[in-house]
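> Sequence:
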Amino acid sequence: MANNRKSLSEKTGFEVFKKDMFACKYCGRQSPLVVLEVDHIKPVAEGGTNGIKNLITSLVLTVTGEKEKES
7 MANNRKSLSE KTGFEVFKKD MFACKYCGRQ SPLVVLEVDH IKPVAEGGTN GIKNLITSLV
67 LTVTGEKEKE S
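Position in the sequence shown (from 1) plus 6 gives the number in our numbering.
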């Protein structure tokens with residue numbers, strides 16, 4: 007199955023991090039103590055867009071390499 011997703015530009019990713027003050031919106035942890043990524047609030051597969059309003063900063067890993075635990 008082909009993946010037709012478009013990657014977010016670095017500029018868009020940085021704008022999302024700036025908007026969210028470089029902190030995970032789920033747990034509040036901040037860079038540089040964690041690795042952050044941009045995540046969709048509503049997945050593209052479910053009709054979401056790559057617009058800034060549908061993007062959020064989320065934690066990938068802590069600096070020790072631990073994945074964020076689900077609450």
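One or more of the hints may lead you astray.
With a cut-off of at most 30 Å between alpha-carbon atoms, the simulated DSS-like pairs for lysine-lysine come out as follows [to be verified]:
(1) LYS48 x LYS59
(2) LYS48 x LYS17
(3) LYS59 x LYS17
(4) LYS24 x LYS48
(5) LYS59 x LYS12
Derived Cβ-Cβ restraints for the label pairs, each shown as a range [claimed, not checked]:
(6) SER37 x ILE58: 17 to 25 Å
(7) LYS12 x LEU39: 26 to 34 Å
(8) LEU14 x LEU67: 14 to 22 Å
(9) GLY34 x LYS12: 25 to 33 Å
(10) SER13 x GLU52: 14 to 22 Å
Hints were generated in silico from the structure; no laboratory data involved. Given the structure is predicted, the values throughout are model-derived calculations rather than measurements. Quick reminder that beta carbons are idealized off the backbone N, C-alpha and C, glycines included.
> Which of the listed hints are broken here?
Violated: none.
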